[in-house]
Amino acid sequence: MNALHIAVKDLEILFRDRGTAIQLLGLPLIFILVFSGALQTLASGQQDTRLPLAVIDEDSGPLAQALKDDIDASGGIYVVPTERAAAESALDKGELARALFIPPGFSADVTAGRSTRLRLISRPDAHAPRTEAVRLVIEGVARDMALESQILLSLQQMGEMMANIPDAFAVLAVEKGPAQARAQFEASRARPLVTLTTVVPERTVAAEEVTTPAQLAVPSFTVLFVFLTAQATARSIYDEKRVGSFRRLLASPISKAELLIGKMLPNVIASLIQVVVIFGFGMVGLPLLGQPAFSLGNAPLSVALIALLMAFCSSGLGILIAALARTENQIGGLSAVILWAMGILGGSFIPIFYLERFLGPLMRVVPHYWANSAFTALLVRGAGPGEVLPQMLALLIFTSGFFAVGVWKFEFD
Amino acid sequence: MPAIIEVENLVKSFGDFKAVKGVNFSVEEGEVFGLLGPNGAGKTTIISMLTGILKPTSGTARIGGYDIRTEMGRAKTLNGLVPQDLALYPTLSARTNLAFFGRVYGLKGRELKERIADVLRIVSLTERADEPIETFSGGMKRRINIAAGLVHQPRVLFLDEPTVGVDPQSRNHIFESVLRLNRERDMSIIYTSHYMEEVELLCSRAAIIDEGRIVALDTIKNLIGLLGGGVIHVGVERADPGLLSKLAALPMVKEAALSTAPVSAPPDAGAEASERPPLAAGAMIKIVTERSQQAVVNVIGHLNNHNIPLTSLEILEPNLESVFLHLTGKKLRD
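Chains as they are written, first to last, in this note's numbering: chain A, 1 to 413; chain B, 1 to 334.
For reference, chain B alone in the conformation it holds in the complex (with noise of 0.2 Å):
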């Protein structure tokens, strides 16, 4: 399939800092792309340069074959973007809102009318299409919000963390209509989160982001492969090289090392668990498995059999989240 989306080492700073550091990534037609990673990674200043609100420092990038440097104003014709605010007006109603935008892209008469009661389908809202925005509920806030990027039918579709403070029920509907955008229309969509589950559910590829760099790009099945089977933390109070190649010999164990990586309470620890600090005193050891519940008994095994007290243990079933640890050192949610 040709690229919608072809991005050149970009980069973006602001004064000393540089928020972007040289990415490079295409995107198919009709193909929905993550862009996963932390607040902070850089994944907004990408979208605002593919989207003409802010110009790459260097590098550049041709949607639709139009390049974001020179031709801007083509590019952002084939454009559309939900911003991560909702980017509305709450006074006005969802119909005046939806017109409003539709407007500024050139849309009047009746097809301006279709393409807002087709928007407000897709969205399931066009009983309340009348009521003002400042009425609606947070979900139904960026439901709208989609929408808006929606009306002039754009052939990509940037959705930049579209589902913060949403409940689980409007998430899910967002979700569906990614997805049948996608599927029905064949929209390219680039989709960025720091929920991997998101990522994980609706992009077939994924580009995880740190720091203003991609760390990692693939589909998501390839990703989450580079974890294997998993991977355990275990606590110690001492460790030795001696140790770690001892442990990377196990069966079902393909590497062993000494980690900075912080580990997370169990997620059904409770207040009493998260009382407790997260590290043991002592080392940490990363353990790469090739299957982690079959690690762990023989991990556990060598280590009383050689009278090593472990201090902590933790299990991180492979996704996304777990990749982004792996690969990062850092949480996505830090």
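Next comes chain A alone, as it looks inside the complex (with noise of 0.2 Å):
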């Protein structure tokens, strides 16, 4: 009740404060607007907005090439012809989001009605409902195309029919043509010519890079603004002890812990309130300002839970400042190095799956990384709750690691 107490006071004091109210809630906005736009701009002016399909012709028929110039021509997609062995690279090392297989024999197949297989290969965590638009595509103009041949299929047969029966039975010809036809195109749909199997392979490779501007801007900079709240619980027990309220408060019956609680709470309050304003923003403000609306995804939950675990993270973190740090000076140097070091090593400038490339493994050694990731996997990627696990123990990991080392280190007197 008394970490209650001191919370709410916390509180108080800190939304009095309208230079933190403006640093808390202000400057995000701020840089998620500029960001946000910025990119919007540069993705308006210089990308192309179809999505891009890796096409692997080991046909090279004419129908292979009609089947590439349909893609091409329904308006979403652009074929990128490429080699298989090029492909299968960029799969592996996470290029490539997905690529379409026209096995060869393609053409003659088709034409002759022979049944054949198109394979299009999708990354594990590729974007979930782009593969499906993908897919519905090439089944679409593969079924355009597997009935047109059918029905020039059936004609020719007609012709034949017709040039061997004498004139006197014409007349069943003209009954038996459409007969025919039907029954061709009951055949082609029980048994396509083309079908289209889709491959995902088991192995886990980089995210993919599509999205837009505002999901990532959004998670990435209220990652960065949750985490440097930790600086205003470091300097609320700092300002607490040089004004001595922290021995006033020794001395009355509370304990340690309430004491480090209280601390801790208005931080992780004021965080969630972050969150809330930030994302509220992305998915409101942002339309309204001509930008692309932030989604939360088909997760919320998580994202939710993702939310509660960085900003007990970052409450933590402000518990090790305060530990550390001897002087307000200290604080500030000691929260701009570290607050904003790990803010841009953990990706809230700049995409973690573009970082990553150089980085590597060395992004994960800062809480930043694994928010931002379950963030990327729950926002871009569309995971569900089960894929941002690692995540989730990460940061509860950090958590208790910054608030352990907080405690040890602390000088209450």
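None of these hints come from the bench; they were simulated from the model. Even for Gly, the Cβ is constructed at its ideal location relative to N, Cα and C. Hints are not guaranteed to be accurate.
[What the hints assert, rightly or not] Covered stretches of chain B (chain A as the covering partner; in silico rule of three or more C-beta atoms under 8 Å from a C-beta of chain A): (1) 41-52; (2) 75-89; (3) 102-114.
[As the list claims (entries may be wrong)] With a Cα cut of at most 20 Å, we get these calculated PhoX-like pairs of lysine-lysine: (4) Lys241/A to Lys409/A; (5) Lys409/A to Lys55/B; (6) Lys256/A to Lys68/A; (7) Lys113/B to Lys241/A; (8) Lys256/A to Lys55/B.
[Claimed, not checked] Negatives, chain A to chain B, calculated, CB over 12 Å: (9) Val8; (10) Pro52; (11) Asp59; (12) Asp70; (13) Tyr78; (14) Pro104; (15) Arg119; (16) Gly244; (17) Ala251; (18) Ser252; (19) Pro253; (20) Gly262; (21) Arg326; (22) Ile350; (23) Leu355.
Got two chains here, each in a separate frame; can you build the complex from them with the hints?
So this is what it looks like as structure tokens:
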């Protein structure tokens, strides 16, 4: 209960301080607005908004070409002709989200009315809705192509029959033609000439680099600014020690644990308010300003859980900074170095799937990485709760570590 | 009267440094007890141990019968602390500050409101209760600092240098509040200060502390009585045991000895005096008198009769300041 009294008092002090309120809520919104807007401008000016699809044409026949042309003409996808080896290597390295393989003999099989099979290989962590869209386009194009072939074949068969019957039975031929065509249509439905198989390898590779700027900027700056509130915790403890109220509280019937929890709680609450305000701005404010809206993805509860873990982790970090710093300048210095460096290293300024290519495992030493990684999975790739368990565990470990070392080094007197 | 505080051989060390070197004293219920000593003497460390901020290295104390080593939680409910610093939240109002400290001691609802109104009356700040502390003068902040230590009605109030940086008017107000609390509410008060006038005015007994030790503990009257009728510091060009024994034998002189004590410039000497060295060359003799005015006449007459030039002279009237100087060889504000 005493911890709650301290927390309420600290929140009152926090929100009376306009400078702190601006830092907590105003700055993140400005960052998001600027970065998201700038990225959106770049994206709309320079990028083809259609999805690229690597196509490995091992047939090189006229119908394979027709298939590629039709996919290209579908509007949402453009074909990138690719060699088999290059495609496999790019899939391996995570540079390709998906690729379509046209088998040898594809044109001959379709022309002859024999069944054939296309293969769409998709990475396991490719953006699932986009893979589904690609699959539907290919299936549609393939179905039209098969139907066209069936009709041509049917007409060809009808012509052959007409050539052999006597004129007296010509009336029968008129009835036989549609019947023959119908039979071919049914055969086409029951036994399609071209089938599409979607293959998803079991191997995990890097995340697909497809999203809107808001979907990247909103969570990554939220991570940065939630961790920056650690500085407020450290400063609040320092101020309490400086003015002597910490001594007064130590002399009151309040335990040291209650005291520290009381100092942590306001940061947790302020962080959660930050998340709500920033995400809310992304969802409502950005569209009003003509930018793409931010979405909470398919697992909003997991997003909330990550936000909660991140808030506790930031508070633990605040206790650690308060324990290590001896002066106000040290708090400012340590916070600037630790929190901003962690933010840069952890992917708050550059999306982690770009940064990982040259920083590699080094990113994993900061909690920001795990929070950003979880948000990327949930908000960019549309992952479910089960896929961010490692990130949750990592944030828990960081929180426990910060708090344990902070309490160990903390000088109450 | 029963003792509300009993301190037994209390020691506090910080690494190799011993800040408190085994102090013993007791404070009676309803007493105003002074801890007098210069900065760094160990007063705040003793209070920190008695209020649970610091753990004693050895020794113990009992507050209201609760041992501070084993029952500090219970002892804390009896204590109220007014720290040396302005331990308040400047951006919050006086009322919000008091409400917070009251809640920490378990007060709530109507009782909390009544207690806040009561302590605001005690420190005469009811009208300013809803204004932020940061808008208050230094003296008003000090008064709210005291109110925050009183809001839960402690049986023992620790006032740690409560008048530092306070204007005379607010200082008088604080004195009145302390005396009223003691008189009307029978509150036991431990008052630390390095201002001897405050301790003389407020306390019935005092312990004089220097370098972590109690060098004297008695009623104020008895402590001042240690100096008899006052002390004279006499600067001479030369002194020998013969001269000292002759001076000691003079009427109204209790003892005479060579001194290493510094001699302050006369309080009204002004800038001209402050430019002079406080110690004349040669020897300094400390003479404890039965009555300083008559003794000084006898001493000067003796030195004149024996052609011993006088290089400086200071008369210390009997008070706690001169007692401290007498006992420690140091000034309280060193």
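Right, here's what the structure says about each hint:
1. Beta-carbon proximity to chain A at under 8 Å applies to 3 residues in the segment 41-52 of chain B; the threshold of 3 is reached and the given coverage holds.
2. Check result for the segment 75-89 of chain B against chain A: holds, 11 residues qualifying (beta carbon to beta carbon below 8 Å, three or more required).
3. Residue count for the segment 102-114 of chain B with a Cβ under 8 Å from a Cβ of chain A: 4. That meets the three needed, and the coverage hint holds.
4. The hinted pair formed by Lys241/A and Lys409/A meets the criterion: a straight-line CA distance of about 15 Å does not exceed 20 Å.
5. With a C-alpha separation of about 17 Å, the suggested pair Lys409/A and Lys55/B falls inside the 20 Å cut-off, and the hint holds.
6. Between Lys256/A and Lys68/A, the direct Cα distance comes to roughly 70 Å. Violation of the 20 Å bound is thereby established for this hinted pair.
7. The suggested pairing of Lys113/B with Lys241/A is violated, with an alpha-carbon distance near 27 Å, which exceeds 20 Å.
8. Restraint check for Lys256/A and Lys55/B: the C-alpha separation of about 13 Å stays at or below 20 Å, so the hint holds.
9. Residue placement check: Val8/A does not keep its beta carbon more than 12 Å from all beta carbons of chain B (closest about 8 Å).
10. Pro52/A, annotated as away from the interface, keeps every beta carbon of chain B farther than 12 Å; the closest lies near 56 Å.
11. At roughly 76 Å, the least C-beta separation between Asp59/A and chain B is larger than 12 Å, which holds for a residue marked as non-interface.
12. With 12 Å as the threshold on Cβ separation, the claim that Asp70/A sits away from chain B holds: the shortest Cβ distance comes to roughly 69 Å.
13. The claim that Tyr78/A is not at the interface with chain B holds, since no C-beta of that chain comes within 12 Å of its own (minimum 60 Å).
14. Non-interface status of Pro104/A relative to chain B is upheld: no Cβ of that chain comes within 12 Å, the nearest being about 78 Å off.
15. Every Cβ of chain B is farther than 12 Å from the Cβ of Arg119/A; the closest lies at roughly 67 Å, confirming the non-interface assignment.
16. Not every Cβ of chain B is farther than 12 Å from the Cβ of Gly244/A; the closest lies at roughly 3 Å, contradicting the non-interface assignment.
17. With a cut of 12 Å on Cβ distances, Ala251/A falls inside the contact zone with chain B, its closest approach being about 4 Å.
18. Not every beta carbon of chain B lies more than 12 Å from that of Ser252/A, the smallest distance being close to 5 Å; the non-interface claim is violated.
19. The claim that Pro253/A is not at the interface with chain B is violated, since a C-beta of that chain comes within 12 Å of its own (minimum 4 Å).
20. Interface exclusion of Gly262/A from chain B breaks down, the closest Cβ pair being 10 Å apart, not more than 12 Å.
21. Once the 12 Å rule is applied to beta carbons, Arg326/A is consistent with being away from chain B; the minimum gap is 16 Å.
22. Every beta carbon of chain B lies more than 12 Å from that of Ile350/A, the smallest distance being close to 38 Å; the non-interface claim holds.
23. Listed as a non-interface residue, Leu355/A keeps its Cβ farther than 12 Å from every Cβ of chain B; the least gap is roughly 40 Å.
The structure fails to meet hints 6, 7, 9, 16, 17, 18, 19, 20 from the earlier list, while all remaining hints are met.
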